[in-house]
Every structure is written in C-alpha cells, then in structure tokens.
Amino acid sequence: MSAREQILGKIEPLAESKHPGAFQGASEEFDFRASLAVVGARVMTMAELETEFPGRRRYDKTLDGLSLAEIEVLEIDGEFGVAENGAIWLLEEALPHRVAPFICQHLVINVKKIVPHMHAAYEELGKVNSGFGLFLSGPSKTADIEQSLVIGAHGARSLTVVIHA
Amino acid sequence: MRVALFVPCYIDQFYPQVAVASLELLEKLGCEVVVPTDQTCCGQPMANSGFASSTEGCDANFSQNFEGFDYIVGPSGSCVLHVKEHHPSKKIRNSVYEICEFLMDVLKVSSLNAHFPHRVGLHQSCHGQRGLHLSSMSERNEKHFSKIEDLLALVGGIEVVLPVRVDECCGFGGTFCVTEEAVSVKMGQDRIKEHHANAVSYIVGVDTSCLMHMEGILRRQGSKVQVKHIVEILNHA
Amino acid sequence: MLSHAEASENFIADADRTDWHDETLWFVREKRDKVSKVLPEWEALREHASQIKDHTLANLGEYLQAFEAKAQANGITVHWAADAAEHNAIVHDIIAAQGSKILVKSKSMLTEECHLNDYLASKGIEVVDTDLGERIVQFRNEAPSHIVLPAIHLKKEDVGETFHQFLGTPKGNKDPQFLTEAARQHLRGHFLASEVAITGVNFAVAETGEFVVCTNEGNADMGAHLAKVHIACMGIEKIIPKRADLASFLRLLARSATGQLITTYTSHFHKPREGQEIHIMLIDNGRTRQLADPKYKNSLKCIRCAACFNTCPVYRRSGGHSYHQPVAGPIGSILAPNIDKKANVDLPFASTLCGSCSNVCPVKINIHEQLWFWRQDLMEAGLAPVGKTIGMKLMAFTLANPVIYRIGGSLLRRFAGLLNTRLNPWYKQREMPVAPQESFQEWYKKR
Ligand code: SF4
Numbered sequence: 001m002s003a004r005e006q007i008l009g010k011i012e013p014l015a016e017s018k019h020p021g022a023f024q025g026a027s028e029e030f031d032f033r034a035s036l037a038v039v040g041a042r043v044m045t046m047a048e049l050e051t052e053f054p055g056r057r058r059y060d061k062t063l064d065g066l067s068l069a070e071i072e073v074l075e076i077d078g079e080f081g082v083a084e085n086g087a088i089w090l091l092e093e094a095l096p097h098r099v100a101p102f103i104c105q106h107l108v109i110n111v112k113k114i115v116p117h118m119h120a121a122y123e124e125l126g127k128v129n130s131g132f133g134l135f136l137s138g139p140s141k142t143a144d145i146e147q148s149l150v151i152g153a154h155g156a157r158s159l160t161v162v163i164h165a
Numbered sequence: 001m002r003v004a005l006f007v008p009c010y011i012d013q014f015y016p017q018v019a020v021a022s023l024e025l026l027e028k029l030g031c032e033v034v035v036p037t038d039q040t041c042c043g044q045p046m047a048n049s050g051f052a053s054s055t056e057g058c059d060a061n062f063s064q065n066f067e068g069f070d071y072i073v074g075p076s077g078s079c080v081l082h083v084k085e086h087h088p089s090k091k092i093r094n095s096v097y098e099i100c101e102f103l104m105d106v107l108k109v110s111s112l113n114a115h116f117p118h119r120v121g122l123h124q125s126c127h128g129q130r131g132l133h134l135s136s137m138s139e140r141n142e143k144h145f146s147k148i149e150d151l152l153a154l155v156g157g158i159e160v161v162l163p164v165r166v167d168e169c170c171g172f173g174g175t176f177c178v179t180e181e182a183v184s185v186k187m188g189q190d191r192i193k194e195h196h197a198n199a200v201s202y203i204v205g206v207d208t209s210c211l212m213h214m215e216g217i218l219r220r221q222g223s224k225v226q227v228k229h230i231v232e233i234l235n236h237a
Numbered sequence: 001m002l003s004h005a006e007a008s009e010n011f012i013a014d015a016d017r018t019d020w021h022d023e024t025l026w027f028v029r030e031k032r033d034k035v036s037k038v039l040p041e042w043e044a045l046r047e048h049a050s051q052i053k054d055h056t057l058a059n060l061g062e063y064l065q066a067f068e069a070k071a072q073a074n075g076i077t078v079h080w081a082a083d084a085a086e087h088n089a090i091v092h093d094i095i096a097a098q099g100s101k102i103l104v105k106s107k108s109m110l111t112e113e114c115h116l117n118d119y120l121a122s123k124g125i126e127v128v129d130t131d132l133g134e135r136i137v138q139f140r141n142e143a144p145s146h147i148v149l150p151a152i153h154l155k156k157e158d159v160g161e162t163f164h165q166f167l168g169t170p171k172g173n174k175d176p177q178f179l180t181e182a183a184r185q186h187l188r189g190h191f192l193a194s195e196v197a198i199t200g201v202n203f204a205v206a207e208t209g210e211f212v213v214c215t216n217e218g219n220a221d222m223g224a225h226l227a228k229v230h231i232a233c234m235g236i237e238k239i240i241p242k243r244a245d246l247a248s249f250l251r252l253l254a255r256s257a258t259g260q261l262i263t264t265y266t267s268h269f270h271k272p273r274e275g276q277e278i279h280i281m282l283i284d285n286g287r288t289r290q291l292a293d294p295k296y297k298n299s300l301k302c303i304r305c306a307a308c309f310n311t312c313p314v315y316r317r318s319g320g321h322s323y324h325q326p327v328a329g330p331i332g333s334i335l336a337p338n339i340d341k342k343a344n345v346d347l348p349f350a351s352t353l354c355g356s357c358s359n360v361c362p363v364k365i366n367i368h369e370q371l372w373f374w375r376q377d378l379m380e381a382g383l384a385p386v387g388k389t390i391g392m393k394l395m396a397f398t399l400a401n402p403v404i405y406r407i408g409g410s411l412l413r414r415f416a417g418l419l420n421t422r423l424n425p426w427y428k429q430r431e432m433p434v435a436p437q438e439s440f441q442e443w444y445k446k447r
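Protein chains in written order, with the working numbering: chain A, 1 to 165; chain B, 1 to 237; chain C, 1 to 447.
Just to be clear, a hint being listed does not mean it is correct.
[Unchecked claim] Simulated pairs of lysine-lysine, DSSO-like, Cα-Cα distance not exceeding 27 Å:
| hint | chain 1 | residue 1 | chain 2 | residue 2 |
| --- | --- | --- | --- | --- |
| 1 | A | K127 | C | K70 |
| 2 | C | K364 | B | K143 |
| 3 | C | K101 | C | K228 |
| 4 | C | K271 | A | K61 |
| 5 | C | K342 | C | K393 |
Note that these hints are calculated values from the structure, not bench results.
Let's have the full structure, built from the sequences with the hints guiding it.
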C-alpha cells in the first residue's frame, strides 16, 4: 500500500466542527506609517528618494536570478500596503525575478493603496492566481544572537517606502 | 447558610491555623459551619502524579463526608480545582468552592472587621487563578479583576504589593517540588527575590502548598519574611 | 540520556546563565503581551483560529486530497511519507536525481524531527542550515534549543568563538552586528551556489494548493528562488482550508512568537517558476495516531509559534536541551510521548501544570490538560520509575482510610524531624514545615 493510501486510510473523520467563516470584528484603526516605523522601514517622498538613492533603478524581467546578485538599489512597485503591520504585498508579475527583493542590498517600494488589516488584505488578493507572491514587512532582520536585533540578515539591508496615496 | 468546611490533608496536619481561621471567619460571617471529621484528602497528589486511577478510595471517602451539602468550602485553590474537575459526582463538583470565591460570589462580602497593618506581597496561585479564575490573567487580553485583591482591600491598614511578574508560578507543583527539585527551588527563589525587593513583611496567597514551598526557601535563606494564607489575614482583627 | 530533571539541574548549576536565559525569554513574552493587548479582538482571533483548526482536523483527509489535487494542477510534485525513514529516503532520491552534494535548508522543525541532516550526511550530502541561529548550532554540532530562537541557549561570546573557529572571524569579537554580517557573507556564497533548497512550511492552503513560508531573515526565499529544485517539507497538520484563513493565523503567529506585527517575509509559493521543480513532502510520522485520540488530537493545531516556551517558567529555567527532543517546551512535552512513550516519560512531568501555556497559545490548545492526561496514560502503561507505583498506592490507601490517615498523620508530625536529611529532596534547599502539636481535627474535637 502506498504511503498516501496508508495515511488517508488512518484518518477517521471526526465529529463535524464547523468552519467559522470570515473573521468578524477586526478593528480598523491602524496607521500604515506607524507600522512601517515599527518594522524598521523608512518612508520617503520622491524628492527625498532622489537624494538618498540617485543610482537606484528598475530591472527587466529575467530568468536568471544570479544575474541580480550585484544589485545595490532595486526599485519595485507593491500591490498594496497593510496598515496593521506595515506589510506590502508583492506579486511575481511586478518583479524582475522572485529573488529580486531578497538579493538586492537596498529595496525601494512604491505603494499606492493601503488596506487596514490582513482580513482586508486577503479580500483584496481574492483569488489571484499568480505563481508567487509575498507580504514583505521591513528590511531583513535577525535576533538570533542574544536577542539583539540586527538589520540585514540575508535579504535587503534597508527598505524605503514611497507612499503615493 | 450551612457550609461544610473542606480541610485538605496537609493543612489539617501542618497548617491547622489556616483551617481554624477559615472556620472562624465563616462563622463570623454568619455561616453554620460543619466540619466532617472523617475527611482526608481530595486525591490530587495521586492524580497529578499520573495515578488518577488510584483515587477511587479518596473520592468515595470525600463523597461520604460531603454528600448532601450545597456548599463545600475549602481554603486551597488547587484541591478545590481538583474536586471541581475530577470528582465523579456532579453534585459535589458543582458544590465545591474555594473560600475567596465563596466569600465574593456567594456571601458577597462587602465589609470585614479585619486589620492587618503590614506591607504584604501577593502571590497568585496558578490553580486558583488560571484554574478557578479568581482573578484576571496576565496572558489574556481581558479586563483586570481580582477577587483576592477585592477581599484584601476590605482589610484595614494593609498595603498590598504586586510583583512585576504578577502571576508567575512559584514552582511548587505537587510532586514536581521533589521530582524536579532544582527547577522547583529556582522558581521559588525567583518569586521570593521579587517580594524581597518590594520589602514586604509577608507573602500572602490562596494556596497553602505554594506558601509552604516558599516558606521552606525563606527559612533556609534566613529571611524575616513570613507567609500567610489569605484567610489568616481576613480573620485578623 | 539524562532525564529532564537531571539535565535541568546541570543547566541551573550556572545560575547567572539561567537568570539570563529566563529574563531574555521573559522579555519576549512581554513583547508578545504588549502587541496582543493593543488588539481588542485578540481573544476573538484566537478563538477564530482555533475553530478553523478544529474544522480542518475534523476533515483532514478531504483537505489533504484537495490540496494535493490543486498543488499538482499548479505543477508541484506531491509526495507522501508515512514516517521519518520514508521521508528521508524520498528527499534523498530527489537530491540524488539532481546530483547535488551540498544544499541549503531553511528552518523546518519537521526535518529536525526526521533527523534529515544526519541521514543525508550518511549519504555524503552536506546540508547547510541557513537560518542564523540554526547555522550557529549546526557549527557547534548541537540541536536547536528553541523552535523559533534556535541558539537562545548561547551567549554572544559563544557565537564569537564558534565563528572564529569556523568562519575565521577575529578571536574575541562578539559583536552581534559583526557576526551577523560574517554569516551573511558566508551563507550568500551557499545561496548562490546551491541547486537544491529545502524549506519548511508554515501553512498549506487546500483551496489553492499554495503553501506559505514565514521568515525574518529571508533565508528560505534566498534558497528557494535561486535553486533549481525546491523541496518543502510539512507535517500533514499544516493544512488550512482557505486562503482567507491565513489572515487570522498570520495576525497571531508573529505577535505570539516574538511580539512582531508580522514576520518580515511571508511568502506564498503557488507554482514553480519557469525551469524550477517544487516538491512537497506530506509526512505523517505519528500524526494520524495523535489525531485518532480525542485527548491529544488538539495538539495538532499547533502553529509552532513557541509562545508556550517563552511563557513556561520551567522551560525558561531548564533550557531546550533538557527536553531531549527536537521540539522542547510544553508543546514538545505533549507531542513527544506520542512518538516514544518510554523515552519521553519524564516530559509530561516537567511542568507544574500552572496553565500559562494554554493561555498564550494562539490556537487555544489545552496544553496543560494534555500534560495531565499523558501522566495518566504513561503511568497506566507501567512506565513509572521504581518505587513510585508502590508509593502512590500506599498513599492512596492511607488517604482513603480516615483511621489510618489519622495515625499516619500524627506519626508524620511526631517524626518530621527525621526528614531533615539530604536524602529528602525537599530538604536539600528548603526547610521542612514546622510540625504543630495538634492537627486541625484534633483541635476541632476539643473545641
Ligand atoms: S502549542 Fe500553541 S503556543 Fe505552543 S508553539 Fe504551538 S501554537 Fe504556539
């Protein structure tokens, strides 16, 4: 018997327990900018961005992730931001490559739309049927050495968000 | 009101003053208190050690002593919780009360003739708190309440001080206190350290077992801090 | 192997380090308290997540099959493994087909549970753990001591020394910033070179066939998006019904784990990228047995946030290694006996049953009650240490008989002084209570 049949055969249906449906009663009072500050992202205007990262650029689609290994500053567009946690939804279609937001040294994301919380975020996502997407919240970080926070573990060392709303 | 006083075995043998204070306090508050004289133990020590299957005798003896009472009141959160959760008789499970719970919820005590002019550190015993919900819990997002603090607020002259880790376990844990001796003692020492830092004269709690454990450590350290069960304070004129 | 009690005694022997460990993890618990208390809907969210998991477990077979069908339609290869050995063999076959001798792996408690690294090493394949904490303990040939903070038992001096030895950092340098940068450079080389990447899975969605991986470092993504082959390993309990269900779980997970609002990266893998293979491993390894027991099935709701570790007063003072299992802490203590009762008989007793774990658990697992049930089951299975059964039976007999109880009690009080001996574990660091002349009942009779 295959492992699949074995496993499925061992699972007896249990007493029914209803799916609770969508979550009701989420608070709406969240501030995207405040959350970005908490997760270590910076918010800039276009003008400030020009001075900070004059050399930033966008990159074309590529199948070769390794070719992006030397990127200093990458600029991309996020689909929307989530106020409660500073996360920004990124979709594969808007990225040069899946690895792009991780492999660059510094990341700049443009955000045009903000939803209050994760429930609204998934409503927004709906049934999007992309190959890959992620919520990205702040720069890469770790606290694995004595719980002291260090920014820039493996992913981008900094995140700058430009809000066009 | 007719009340049966449940005196857990180790209180009977080692802390009779807690049972005396419970008896006197309930009488002062107008209860007719009956003390079943053949009571022994609720069975918790065996059950928490994995021998719930051996507690039939204790359960039967408990039933014999407490059958027919609408209010079975005991000064020990963990023993009361054990009866409430595990005793085979539904009537008994529904009739047993920890004494603070009984004073607040049934007698609805709003004043006491008690005086205890000392600085007192409050120890939340886990089974009374998380098990019987005598007070709100630091882990939960819930409104603060405390039947224990409400009762202590009725005592004249008392100053109640809470540790920073307001409801961390003292490490007694039944047989845990000997089978996991090192962790148990370390937990107790850490609780005591906070109370020492708060310069209290007494540590008060609703479970004598926790107090016995902390008292053992305090005395070994040569500390002047003493332990008191809450009824001893509520009964202190 | 040392029992939890013995290992803890060794741990506590270093009092300063124990205090540090306790305070550091308590600080994490405090961060969790803070972020959970500013969300008015926190308790409702826990209830919501808990109900979704209950519902999923009640229909697990259907959801697994739905997930499989969707994932396959998305171009993902799905493998099933009944136990650790099968899992490891399949993973090895996939790697061997690729011809790789070295690969990168991000955090996956499941592969720890299956001892995958050792197995692959025996086949001549090197696994490079890429989570910083896991890399540190891997260099030291240790196991992670915490499922979210794998190196929490170590001080920065220890890490500095380890990196000096393995990465050639200057001796004596123990600056976390510097050491993290050294690991970044070292692991980047591996990311760029690896053809195979293994990751864990936080959630797998039956409705869409996608799976979600959460990290703060970005290591899972660095590995998976550069490799030709991505192998994602998950226990069968990681399934959730709908994509929208992720909202509640993601709101709870990071807040419970570290007090963060969300992990830095929450990646949704739906289809392989062009030219890439994705394999999903669905592993049982005792889970169906756990599911069939109504007392313990709820333990499968766990989302591995480790909040129960951080709040546990015993864990904080005994360290993860004292649990001698890949998953330590309160949840580990109720999972481990399902795998091996005898080897883990000590774990359900490594608790005071204070109940704090159940209170922090984002999916409302009744952890402390399950600890109590395991105690009963293990003792009934005849696994009590020598003498304990006799002692307990004697105690039960005495306490069930009022006359014998009274005689025993007065003897105990009279001769209590005899217990003041080092042989009595109570007396080692505590005084015995002072025995009164009269018991309460004796006093009451005279009243
Ligand atoms: S049992 Fe609950 S608190 Fe513990 S790791 Fe699992 S989900 Fe988190």
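Of all the hints numbered above, which does this structure not satisfy? Sort the numbers upward. Violated hints: none at all, because every hint is consistent with the structure.
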